[in-house]
Structures are given as structure tokens and as C-alpha cells.
Amino acid sequence: ASRPAAIMRTGSSVYRSVVTKPLPPPSIRLLWFRWGSAGQSSRFAHSEAVCVFRSLSATMTHQYPALTPEQKKELQDIAHRIVAPGKGILAADESTGSMAKRLNPIGVENTEENRRRYRQLLFTADQRIDSCIGGVIFFHETLYQNTDDGVNFAKLIKDRGIVVGIKVDKGVVPLAGTNGETTTQGLDGLSERCAQYKKDGADFAKWRCVLKISETTPSELAIFENANVLARYASICQQNGIVPIVEPEILPDGDHDLKRCQYVSEKVLAAVYKALSDHHVYLEGTLLKPNMVTAGHSCPTKYSSEEIAMATVTALRRTVPPAVPGVTFLSGGQSEEEASVNLNAINNCPLPKPWALTFSYGRALQASALNAWKGQLNNEKAATEEFVKRAEANGLAALGKYESSGSGTAAAQSLYVANHAY
Numbered sequence: 001a002s003r004p005a006a007i008m009r010t011g012s013s014v015y016r017s018v019v020t021k022p023l024p025p026p027s028i029r030l031l032w033f034r035w036g037s038a039g040q041s042s043r044f045a046h047s048e049a050v051c052v053f054r055s056l057s058a059t060m061t062h063q064y065p066a067l068t069p070e071q072k073k074e075l076q077d078i079a080h081r082i083v084a085p086g087k088g089i090l091a092a093d094e095s096t097g098s099m100a101k102r103l104n105p106i107g108v109e110n111t112e113e114n115r116r117r118y119r120q121l122l123f124t125a126d127q128r129i130d131s132c133i134g135g136v137i138f139f140h141e142t143l144y145q146n147t148d149d150g151v152n153f154a155k156l157i158k159d160r161g162i163v164v165g166i167k168v169d170k171g172v173v174p175l176a177g178t179n180g181e182t183t184t185q186g187l188d189g190l191s192e193r194c195a196q197y198k199k200d201g202a203d204f205a206k207w208r209c210v211l212k213i214s215e216t217t218p219s220e221l222a223i224f225e226n227a228n229v230l231a232r233y234a235s236i237c238q239q240n241g242i243v244p245i246v247e248p249e250i251l252p253d254g255d256h257d258l259k260r261c262q263y264v265s266e267k268v269l270a271a272v273y274k275a276l277s278d279h280h281v282y283l284e285g286t287l288l289k290p291n292m293v294t295a296g297h298s299c300p301t302k303y304s305s306e307e308i309a310m311a312t313v314t315a316l317r318r319t320v321p322p323a324v325p326g327v328t329f330l331s332g333g334q335s336e337e338e339a340s341v342n343l344n345a346i347n348n349c350p351l352p353k354p355w356a357l358t359f360s361y362g363r364a365l366q367a368s369a370l371n372a373w374k375g376q377l378n379n380e381k382a383a384t385e386e387f388v389k390r391a392e393a394n395g396l397a398a399l400g401k402y403e404s405s406g407s408g409t410a411a412a413q414s415l416y417v418a419n420h421a422y
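Quick note: UniProt numbering has the sequence shown finishing at residue 422, numbered continuously throughout.
Everything labelled a hint here was simulated from the structure, so no lab data went into it. A couple of the hints might just be wrong.
[As the list claims (entries may be wrong)] With a straight-line cut-off of 25 Å between C-alpha atoms, the simulated DMTMM-like cross-links for lysine to aspartate or glutamate are:
#, residue 1, residue 2
1, K199, D148
2, K101, E113
3, K259, E306
4, K158, D188
5, K353, E392
6, K267, E306
7, K259, E249
8, K170, D278
9, K302, E249
10, K374, E141
11, K198, D77
12, K274, D188
13, K353, D77
14, K274, D77
15, K72, E403
16, K198, D188
17, K155, D77
18, K73, E192
19, K73, D278
20, K155, E392
21, K302, D159
22, K381, E392
23, K72, D200
24, K158, E380
25, K73, D159
26, K353, E403
27, K381, D130
28, K198, D159
29, K73, E284
30, K199, D149
31, K267, D200
32, K381, D148
33, K101, E306
34, K170, E220
35, K155, E215
36, K198, E74
37, K170, D130
38, K158, D77
39, K381, D159
40, K274, E249
The structure displayed is predicted, hence computed values, not measured ones.
Based on the sequences and whatever the hints tell you, model everything.
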């Protein structure tokens, strides 16, 4: 970079005023040392360093428009309500295509009415879920659907004291120049959509980016691109009064071991928080939705929940600032029971944990309920009971108080889907 013109006029008043200033802070002294050791006089190096520092200070960018204290407080309050002690998130934001994968195996046609009926049995569960569900993520269609009695789903959830969220990304697309990696689309028109969703009752949003572990991935390009997409989304959400959930999911596909997943998780999360800083995102008004650190689905080594917990918390401690109110883990194809046991172990990990560590589960809250329902009206009560059972289990796990009932039940069945798309 070219030096500021003023520092070249060593006999000018600019130079004389600079060198008569008190000793500069350590950052300037470091520059002074570096330039002085390069053969320049210490006085000239001091002058150059101060002028460069002033130039950098004058041009350093800030968020515009900046969030007001009132906006920041609203965002922070929403985030803390979602991850209040013992509470987590029900991810009911499966797209129409993803719902086909849920409904077809149980013999239910994937129609708008059947999707509405299924979501209704989750949302109308009794008051037991109010103490363990802090937020519900909606799909666009669901936000505007009603109960049989004509009550809007979003209003129903909000009236229960549960925060309404909305999925705002538009799915993954190939990232050109990479070996099968992806980025996520949906930034176009996002601000306008967020403004409308806020009016319609949503107070938080979710955006999912996907990365894969292989011998050649994730590439630096994919990490950088997805981190910046997440940061742009987060900034836009906050400008519209919506808390962004940042979701950089590392898929469990592959045969990598626990150590490899931890390493990749640390690199990805470090890049994400660098990007969030670059985009002036208010961290106290965000939540993180990462994968737990687990070995690949095809890894021959099986790790204990305590090993998974230690690797996960270590990765978070190295990368996630304490300013973030909460970490809401995705289940990533784990069985219902596995997801609860691992979350419980994470909360009992003997390392300092400055954030709430809780759940944002879709399949791991709904699999047993779906199997019990099978689209039949007379099965709705049993299905709701299965959902409540998993919600309560994960509420306890978020407090580190869950005691597993063993693995001999349907809840122990793997929910893994290769190359999972939402």
C-alpha cells in the first residue's frame, strides 16, 4: 500500500506535530519496531506508523445503519427466550419435498392437508411442551396454515409463549469450481421477506449451509463462501428485528474419525465467526446451530457419548465467542435416543461452557410420532404422546439431567440419510 503523503514531508508541521506526541500504544510501537528495523530512522518510522494508524482508523468501516440499543435489546431478549434453561427448538421447517420423505414411508400422501394435519398434532400438544420447547421453526407454507378451529398456527404457538421462527434459505446449489460442494441460495429479496415475516409473527429465522468431509473437502473456497453467505443472511435478519440462527452443517457422510470432524468443525466455525465480525453482526442477538462433533457414519470406530461431548465442547470453546447466547445442536441423522444421550453428555462435559447448549431437532423429535400417527385420526393422541416424550427427554438433556431408558426401543433406530437435504 502507498504511504500517506504527509509522512514523506519530514520537515513539515505534520511531521513535527506527530513526533512530539507521547509514546503510542503497543500496536503502533510494533509497527515502529518493524519499520525502524528496516533501516529507517526511529523518528521517521514513528511518524509513518502513527499516520498509517490514523489513516486506518479513519477508513475503518462500521455497520450501517447501526442497530439501536432498543433493537439490540429486542434481539438479545428473543435469543435468550428461545434457549431458556431446559428449552430448545422444534424444527418443523421441512420443505414440501422433505415432507414427502417423511410421509411416504408411513403410507401417507404428501398433500397440503396432510402436512397441515401432521403439524397440527405437534403444535396442539398439551402444556407439557411449554416447559421444554422455546421456539418452533416454520416452513413458509405452515406459517399461514390454521388449526381445525381456524386458529393460525403462528398465533397458536406465540400465545403459548413459544417463539415463532421461519426457514428463509432456498436450498443448496452447486458451488462452481469445487468437487461437488455447495452454497446456499436465497439472499435475493431476503430483506423484504424478513420484514413481512416479522409482521406475520416470526421473531427468528434459520439458514442452512452444508459442508462435506472427504479427502479433498471442505475446500477453503467452500468454507469462505458459506461463511460469508451466513454472515450476509444474519446481518439482513437483524436489520429487520429477526434473530438469525446460523447453521453451518457438516454432514456425517463418510468414514472420517472423531478427530478429523473436530478439526474441520473448528476451521468452519472459526471462518463463520470471522465473517460475522466482518459483517458487523451483533453476536448477542444470534444463535448457532452446528452439528455435534461425531465420526463419519461409515467410520469403523465407535465413540462414547463422553468422547463426542469432549470433542464438541472443545471445538466450540476454541471458536465460538461467549457473547453468543446459545448453541442449538442439529441431530444430524442420530437416532432419537442417541441425540438425547449425546446432548446430555455435552451438558455434563467437565469444561467451562459459557453458552446455553440445547437442541434444534427435527427428525430426532418427530420420528416416533410420525410412526405412531400413520395418517390415522385415531392415532393422533398416541402420536402427540410420542412427541411430548421426546421433547421432555431433550429438555432434561439440555439441563444435563436425562437418564437414558436404554437402546431397545424404536427411538434407538438410526435416522441417518446420506447427503441429507432439507
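Going down the list of hints, with the structure as the test:
1. K199 <-> D148: 23 Å, holds
2. K101 <-> E113: 16 Å, holds
3. K259 <-> E306: 14 Å, holds
4. K158 <-> D188: Answer violated: K158 to D188 is near 28 Å, above 25 Å.
5. K353 <-> E392: 22 Å, holds
6. K267 <-> E306: The given pair, whose Cα atoms are some 22 Å apart, holds under the 25 Å limit.
7. K259 <-> E249: It holds: about 17 Å lies between the C-alpha atoms, which stays within 25 Å.
8. K170 <-> D278: 24 Å, holds
9. K302 <-> E249: 21 Å, holds
10. K374 <-> E141: OK: K374 and E141 at ~21 Å, within 25 Å.
11. K198 <-> D77: Roughly 15 Å between the alpha carbons, so the hint for K198 and D77 holds.
12. K274 <-> D188: Holds, because 23 Å separates the two Cα atoms, which is no more than 25 Å.
13. K353 <-> D77: 20 Å, holds
14. K274 <-> D77: Judged against 25 Å, a Cα distance of about 24 Å means the pair holds.
15. K72 <-> E403: Between K72 and E403 the Cα gap is close to 38 Å, so the pair fails against 25 Å, i.e. violated.
16. K198 <-> D188: It holds: about 17 Å lies between the C-alpha atoms, which stays within 25 Å.
17. K155 <-> D77: 19 Å, holds
18. K73 <-> E192: 22 Å, holds
19. K73 <-> D278: 21 Å, holds
20. K155 <-> E392: 23 Å, holds
21. K302 <-> D159: 44 Å, violated
22. K381 <-> E392: 16 Å, holds
23. K72 <-> D200: 21 Å, holds
24. K158 <-> E380: 22 Å, holds
25. K73 <-> D159: 21 Å, holds
26. K353 <-> E403: 21 Å, holds
27. K381 <-> D130: 17 Å, holds
28. K198 <-> D159: Given that 25 Å is the threshold and the Cα spacing comes to 16 Å, the pair holds.
29. K73 <-> E284: Holds, at about 9 Å.
30. K199 <-> D149: Given that 25 Å is the threshold and the Cα spacing comes to 23 Å, the pair holds.
31. K267 <-> D200: Violated: K267 and D200 sit about 37 Å apart, past 25 Å.
32. K381 <-> D148: With Cα atoms ~15 Å apart, K381 and D148 stay inside 25 Å; holds.
33. K101 <-> E306: Roughly 32 Å between the alpha carbons, so the hint for K101 and E306 is violated.
34. K170 <-> E220: 23 Å, holds
35. K155 <-> E215: 47 Å, violated
36. K198 <-> E74: 13 Å, holds
37. K170 <-> D130: 30 Å, violated
38. K158 <-> D77: Distance ~15 Å between K158 and D77 Cα, so the pair holds.
39. K381 <-> D159: Status holds; Cα separation ~22 Å.
40. K274 <-> E249: 17 Å, holds
Against the hints set out earlier in the document, violations occur for numbers 4, 15, 21, 31, 33, 35, 37.
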